[in-house]
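Engineer: Just so you know, the sequences run in chain order A and B.
Each residue of the first sequence is one higher than the last, beginning at 1 in our numbering.
Each residue of the second sequence is one higher than the last, beginning at 1001 in our numbering.
Hints listed in this document are in silico derivations from the structure and should not be mistaken for laboratory results.
Mixed in with the good hints, there may be bad ones.
One side only, chain B facing chain A, incomplete, derived with CB under 8 angstroms [stated by the list, open to error]:
| hint | residue |
| --- | --- |
| 1 | S1029 |
| 2 | V1030 |
| 3 | A1032 |
| 4 | Q1033 |
| 5 | M1133 |
| 6 | V1165 |
| 7 | L1166 |
| 8 | V1197 |
| 9 | T1370 |
| 10 | A1431 |
| 11 | S1491 |
| 12 | L1543 |
| 13 | P1592 |
| 14 | V1683 |
| 15 | V1685 |
| 16 | Q1687 |
Negatives, chain B to chain A, calculated, CB over 10 angstroms [said to hold, decoys possible]:
| hint | residue |
| --- | --- |
| 17 | V1095 |
| 18 | K1355 |
| 19 | S1438 |
| 20 | A1509 |
| 21 | T1703 |
| 22 | R1719 |
For each residue, glycine too, the CB sits at the ideal point set by N, CA and C.
There are 2 protein chains.
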Amino acid sequence: MQDTKTTAGASGPRGSKPDRAAVRKLLDSVRAQGRASLTAPEGKQVCDAYGIPVPQEAVAATAAEAAKCASAMGFPVALKIVSPDILHKTEAGGVLLDLKSAEAVAAGYERIVANARQYQADAKILGVQVQQMLTGGQEVIIGAVTDGSFGKLVAFGLGGILVEVLKDVTFRLAPASEADALSMLDGIQAAEMLRGVRGGEAVDRTALAGLIVRVSELVSDFPEITELDLNPVFATAKGAIAADVRIVVDFAEQPERYRPSEAEILKAMTRIMKPATVAVIGASAEEGKIGNSVMKNLINGGYKGRICPIHPKAAEIMGRKAYPSVKDVPGDIDVAVVTIPAKFVAQALVECGEKGIAGAVLIPSGFAETGNVEGQQEIQQIGRKYNIRLMGPNIYGFYYLPENLCATFCTPFDVRGHAALSSQSGGIGMAIVGFSRSAKMGVSAIVGLGNKSDLDEDDLLTFFEHDDNTSIIAMHLEDLKDGRSFAEVASRVTRKKPVVVLKAGRTAAGAKAASSHTAALAGNDKIYDDVLRQCGVIRAPGLRDMLEYARGVPVLPTPKGENVLILTGAGGSGVLLSDACVDNGLNLMTMPPDLDAAFRKFIPPFGAAGNPVDITGGEPPTTYQKTLRLALEDDRIHAVILGYWHTIVTPPMVFARVVLEVVEEMRAKGITKPIVASLAGDVEVEQASEHLYANGIPAYPYTTETPVTVLAAKYKWARGAGLIR
Amino acid sequence: MQDTKTTAGASGPRGSKPDRAAVRKLLDSVRAQGRASLTAPEGKQVCDAYGIPVPQEAVAATAAEAAKCASAMGFPVALKIVSPDILHKTEAGGVLLDLKSAEAVAAGYERIVANARQYQADAKILGVQVQQMLTGGQEVIIGAVTDGSFGKLVAFGLGGILVEVLKDVTFRLAPASEADALSMLDGIQAAEMLRGVRGGEAVDRTALAGLIVRVSELVSDFPEITELDLNPVFATAKGAIAADVRIVVDFAEQPERYRPSEAEILKAMTRIMKPATVAVIGASAEEGKIGNSVMKNLINGGYKGRICPIHPKAAEIMGRKAYPSVKDVPGDIDVAVVTIPAKFVAQALVECGEKGIAGAVLIPSGFAETGNVEGQQEIQQIGRKYNIRLMGPNIYGFYYLPENLCATFCTPFDVRGHAALSSQSGGIGMAIVGFSRSAKMGVSAIVGLGNKSDLDEDDLLTFFEHDDNTSIIAMHLEDLKDGRSFAEVASRVTRKKPVVVLKAGRTAAGAKAASSHTAALAGNDKIYDDVLRQCGVIRAPGLRDMLEYARGVPVLPTPKGENVLILTGAGGSGVLLSDACVDNGLNLMTMPPDLDAAFRKFIPPFGAAGNPVDITGGEPPTTYQKTLRLALEDDRIHAVILGYWHTIVTPPMVFARVVLEVVEEMRAKGITKPIVASLAGDVEVEQASEHLYANGIPAYPYTTETPVTVLAAKYKWARGAGLIR
């Protein structure tokens, strides 16, 4: 017996160290030969080096040896003639499949050798290859791809055409942890197949997850491996074996990504967002000019720092001393808001650089979005050279409310609070401004990112992470220029503060529109979906959802567990709220008998306890009061959804006041739980909703969906941040 | 050769008449034997009678005959010994599978007979059964079930465990048309599998649809067939053959469903909704009583007919002459609003019956919803006996605005328009009132259905179908007591007017809440989904959606085709609107080159034509004007989605006025197309949205999703009604 691969076994060699040197040597030889992919035997060598189980194989020189090898591997096996002179093995009668016993293997050996001799009498016969054949279990696919934005990703899905049709595959950033890998097994629609259905055995989840982890480590260790497929992998109750491996490589040098350190980002961002001095390049006294709007917003917004208008001729603009260039301004300038036409921006930036300005807010359009890619590259290079961070170009600017700073040409804004929002598009920025004002959503910052020539979502995340004025971050984006970096920062930030992302261009048509709009390549949406979840980011399905999450999530306390209770005066709302809970992955608590009995004491005999607790419509305020108090006092309940029905007995504002009284009473006792409310009634419910919202209970008229999606957003964040169980 | 089934063939005997007499005879014999299911041979007989292809089989008495049979059927075949004395055929060596040639069959015949003789020398051997074996093609399942509400349904799905795990199956009411059946093939997630993937052949869709139709006819012809499974059916490019059939029967008499004729419904509903005289049983002058609220609403609502308070003692209530009983009122009474406690309702109803009153609006609770099932049955029986239609009990009453009729104890309501709404729950009814008032949604009627002891959604549909004051019908429901009847009426009504349904209790948890609330068994949601679509009903996913559809759909003209254009000032909105179009099944028109060139004339050189047409944010009102005019004038564009971005150059109200000017200009030319708008900007966009909406353009601030879902709802209706293509 020669060459038996001893690393391969049904349960895999978990815990063994990967043999990186072996793979390095192999890849170096592939590179030397100028090849772009590995042969099947090379693929197997790579698998062996990383402890990825593959079918066992050995070459036998006698029938007895073949039988012995086969018995060691387990049946069935395949036999294949090994001869440098026989290229078409099947034609030569040199292949036998599905041999199920030692006798059959021994006989098969003799037959194959005889066939080969008959086919070509002078062929040099080295022996017969004995190969373990894989059958049974669940066929799955484990793979790796290289995404332009996120880099190395590991993929998992079931095998077979049907799954391909249904596109039932899931991704994680590589390297993936074992927890990541296990979550992938649950992350496909057909997850139940792995748990064993219709009497089938459940697969060995640890072995399968281990394989995913190993693949993710392999592609991370060797960036030149751009694609890898283990297809199919046979997953059984005893382990997982990759029947076939395909590896594609690319040895071209990848450009280094420009990435300042966290400390550098924080330093520059702090100077930009909390400047002592702001210069307005292109400041103007003339109504209607952008440079005039910016000046007005800075002054009228109440910014307390120094404002320096820059203008070639004017001595003074809007009562502030003007300078021909930033270089003429005495003392330091932290940030320059640039409002001059695109063609003059480069020169102004050089002066900013010479002045040591930390950041430039580039409002003008006329760069990459209009096809002027060179112009954008030019300013990018200037920024790098002088270490100026660039916001934009092609943006509305930004608001930072703790400093009363409206560095924008849009309408002034002063609804102060703790939500920081950003948008890639100006239109969406204006929608944020309008919604925030209308819904009285307190805001710490609104930032336009536009073409993202430099400053990106991860820079903002880093700043807001450390910003005590910000408790939630919501971002509209059409692409991530460096998804890998975003993911790294987001994974860290989401453990402290909720991050909401509205990814536009989710669909093929949307992605097409996105690329016509910003010339950005929109990523595969499924990858975005999986990676954002992996990072603990709350993904908003639409614009209004993002806005409602940003408004509601920071208002809600963090739930301590998964038990949600619906408490409703309207049975009909209870049903719709239950639907919404299921749709949004909230867990309706199973009511313990003692708690059920306790609720029943407060509600009419025909009211429904269980969950929802239906107190029925004709009840006085005290019934809402007593049941809500019970729900908040009982430790087993972690969150409450209120369904209110407008009646004469309990009018809307009476309901609102009763709820707030109970909440106040509980706060005094140190009990805080997330509560949301759906109000069904005549227009007075709008005022009651506003009153509740202003006092910490996100409440919504005429909808049973929004309160539940907002609570669910809080849950998604809390789960991702590891705050629940 | 004996017994060869000649009806069976790979492509099926399409067009042949079913042999009902044969099935009748067979079922009679099953009934006589007291059995609840059919044997496999009986199942095959039923299939034969209905032209459902099954594998061919025959019994051969000689080896030559067996070979001849097999050659006629096509290979492979199976052989099985036929002997009354041999029960365990396999044990006796009496079964051979997968024989692929005439020679193998002849040899097999001899071998089987020899085995059998050896197994039991004295066994009486009648011959050998030759069975066609099915391989290849796509395995599918065709079945039929009997639903408590919808009656006979035909089901279709792919075969295999994976599909079961994914619950990928679709239903239609039986009998199903060929169009219905074809739509089922496209109605599963894995529909692509049937079209041939990865080099696989597409299945014969006509044959497969024919099989579905035949199954649906069979279960409709024979109501005693409660379940039927053809599983698996092998569908290939040449036809479809059912490999196995399972039929379950139930001969118990089904209770007749009470169903007045359409004319009777219409007559009674017209008297109820447009009464000349309304009696208020339990009318009261005392503030806070329900009978007082009803009187106030009738009088203050401006109802012009006669109002007769019924009170045991009072001579007059609120200036109207009172009577001790409806029987004391001179002349006819059309409808009685009943506001007395549950226990007095039965007696009052008897008097209503004796008076010949057409309908009773039963406001009191205390019937089935509180466990008083007998009380509800009692009033039901009185209603039937006297031919009084009952609305409720356990309702808020109803509003019919064309008659200024507020027959309810809730707040009065007078926002007149053309949407008729109903709800099963009082809370949802109040949400309808509040939303309608707040959003200025014009309403023709709001009706509470509550326990639905008699009047049901189909009665309302019948009335609103013929009601010229109503142009859309929107219904909240938790169950359909007679889904079959609803489906029949809805299929007819939706061809004239859009019908929107919010089905609460969609999810397992929601359904549980529904049953605790109304004691109604919530149906399988997938069945509701498929059947509602089959009837042309627009299903609303949530409460707010139902309200927005009811408000927006009647405002929109019916599109003449599928080509939707997005015209946007905000590129960012364009991307989100595109996403929403894909999510909602709208077809973004592929821009023809000439039209693209025409748009490009009006927009800046860096603006993106194609679809979305991105006119860019800095454009003056004339750009919106010229591009919208072009979009409306070009026949190839059928609907327009506007994305507005708030700028100083084109403020919100200017945008609104420009849009309305163009729309007016086009209306004068006879051009009307559905237009919806998404407005991104500061709070002024709220006023602009209202102004647009009031003038026929559904417009929404801070959301890119709602305008698209409303347009999509219009499309869903228009497609279902056959108005597009």
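Engineer: Against the structure, test the hints numbered earlier, and report the numbers of the ones violated in rising order.
Structural biologist: 1, 2, 3, 4, 5, 11, 13, 16, 19, 20 and 21
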